[in-house]
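Asker: Below, each chain spelled out in residue letters.
There are 4 protein chains.
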Amino acid sequence: MLTIKRLDIDDAHSIIAAARAKATELDVQVCIAVSDESGNLIAFERMNNTKPTSVNLAIDKSFTAAGVKKGTDALGEVSQPGKPAYGLSSTLGGRMVVIAGGLPVLVDDEVVGSIGVSAGSPAQDHEIAEAGVRAFTENQK
Amino acid sequence: MLTIKRLDIDDAHSIIAAARAKATELDVQVCIAVSDESGNLIAFERMNNTKPTSVNLAIDKSFTAAGVKKGTDALGEVSQPGKPAYGLSSTLGGRMVVIAGGLPVLVDDEVVGSIGVSAGSPAQDHEIAEAGVRAFTENQK
Amino acid sequence: MLTIKRLDIDDAHSIIAAARAKATELDVQVCIAVSDESGNLIAFERMNNTKPTSVNLAIDKSFTAAGVKKGTDALGEVSQPGKPAYGLSSTLGGRMVVIAGGLPVLVDDEVVGSIGVSAGSPAQDHEIAEAGVRAFTENQK
Amino acid sequence: MLTIKRLDIDDAHSIIAAARAKATELDVQVCIAVSDESGNLIAFERMNNTKPTSVNLAIDKSFTAAGVKKGTDALGEVSQPGKPAYGLSSTLGGRMVVIAGGLPVLVDDEVVGSIGVSAGSPAQDHEIAEAGVRAFTENQK
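Chains as they are written, first to last, in the working numbering: chain L, 24 to 164; chain S, 24 to 164; chain E, 24 to 164; chain C, 24 to 164.
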């Protein structure tokens, strides 16, 4: 029998709030998704006037980060032409996203959920996702 | 050129908060989605320990209610066997949901967004969605 | 070798114009799609302020009518529970629509294209589609 | 509450007419799609004898340009191997198109819709899309 640790809805709200604060600081409007360790969405928020295609991109980045247990930025590196995971981005009907902005949330080295951010540059999305994860991790101490 | 009114993120949060309060009152854990008038998701929340299949059911109920500009319960009636819209439930790749729990949000008789609720009974989901819409409508006065 | 007759873009525009005129007469805003005999879209028009979910419903009704070489209303009858084609509506990833509003366009008893209409009641959509087909047929004489 | 500006059907017809005129000038047969700011199709036209696969390519280019609020040609640059958005082209079930030919339509720096063109070379599709946007923009003055 397994015992699984999973973000609850309050954790998800805290992560989104911290990510939103960072997005506001960077002056960029984004979509922010938090999923559980199984890749199922817990909470989502679209800031006003952001890109409509970012709705599912943010959800799919969080799905991917929970699913592969690493940041989506790491997938971008290993799936370049000539690299071992080349072709990864079109798997799972295209839900596997290999662009920065998705990060797993870890507790005791286990994935308990994830965050996905979209609509800024990949670097901005990554920084916003990091702010969400950091708020959770510091809160756990 | 058309001018369209659309729920913003604060509206979406208020609607979700009112729906969540009703769900808590009914002692049922649900997923709650708020979409804009075009069917794109604005905000989403999954209460703890609810059904994972309800994530997309709630999102698709809100997509449907915005898209058809009426409650998903009304679609259930007209799509019964022998009725004119029989077969509706499998259209749009199955995103068209004809089960109660999705409602449009109206301002001056125009759709500005929608709410979708899933995981309770259809009657509960409908009641929870109504609570979300009512909070918004009363707030507008 | 086969020789195929197919609606051209001018035919499609005439069909849409006649359908739009009927929709205006009925005071209903609809989406109107015209496809070729292979089910590929030739032309499409969404009247202002109509239902966003009707975009793909209209396209899929024209796809269906071209594909099965009969009106989508006829499919509704044969796919009722207990009838031989029960289950038809969920085939082809849900693109097979069994609700009135799709009609083939015939020349010398051969399908040369189709029209699909959505957003009114199924009866209205059917009447609007008929007006589109009639304009083409009378024009051929 | 947000207030959104959106192309209406007359705007869409004007944009398509200007794009068609440019395609005729270039002696290339294309598909032309105009979508609203949320990515939902408003109008579509397929010129005679063009490529059937271009139907959805044109629709998806307009979906993409509205969704990301920039030209699809810009996406091609940032999603090359080694670039930050590598892998973008397979997201959203493949509806995200990173090939030139999709452009947003702007009013006062806000996206009000988009155009997508397919079947010529990417450079031709881009030029045709530009002609569509230009006609609208000049008409607004």
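Treat the hints with care, as some may be off.
No copy is singled out in the list; a pair is fine if it fits within one copy or between any two copies.
[Claimed, not checked] Straight-line Cα separation of at most 25 Å, DSS-like style, residue types lysine-lysine; simulated pairs:
| id | residue 1 | residue 2 |
| --- | --- | --- |
| 1 | K93 | K28 |
| 2 | K92 | K106 |
| 3 | K92 | K164 |
| 4 | K164 | K93 |
| 5 | K28 | K106 |
| 6 | K106 | K164 |
| 7 | K74 | K106 |
| 8 | K28 | K92 |
| 9 | K93 | K106 |
Just so you know, these hints were derived from the structure itself, not from any lab.
Asker: At most 25 Å between alpha carbons: which applies to K93 and K106, within, between, both or neither?
Answerer: both (17 Å within a copy, 20 Å between copies)
Asker: At most 25 Å between CA atoms: does that hold for K28 and K106 within a copy, between copies, both, or neither?
Answerer: neither (33 Å within a copy, 36 Å between copies)
Asker: How do K92 and K106 come out at 25 Å by Cα distance, when the copy is not named: within, between, both, or neither?
Answerer: both (19 Å within a copy, 23 Å between copies)
Asker: Is it within, between, both or neither when you check K28 against K92 at 25 Å Cα-Cα?
Answerer: both (14 Å within a copy, 20 Å between copies)
Asker: First find the shortest C-alpha distance between K74 and K106 inside one copy, then the shortest across copies, and answer within, between, both or neither for a cut-off of 25 Å.
Answerer: between (31 Å within a copy, 21 Å between copies)
Asker: Under a CA distance limit of 25 Å, which applies to K92 and K164: within one copy, between copies, both, or neither?
Answerer: This pair counts as within: shortest intra-copy Cα distance 22 Å, inter-copy 34 Å.
Asker: Between copies, within a copy, both or neither: which fits K106 and K164 at Cα up to 25 Å?
Answerer: Answer is neither; intra-copy 38 Å and inter-copy 37 Å both fail.
Asker: Checking K164 and K93: alpha-carbon separation at most 25 Å within a copy, between copies, both or neither?
Answerer: within (22 Å within a copy, 38 Å between copies)
Asker: Is it within a copy, between copies, both, or neither that the alpha carbon of K93 lies no farther than 25 Å from that of K28?
Answerer: For K93 and K28, both the intra-copy (17 Å) and inter-copy (23 Å) Cα distances are at most 25 Å.
Against the hints set out earlier in the document, violations occur for numbers 5, 6.
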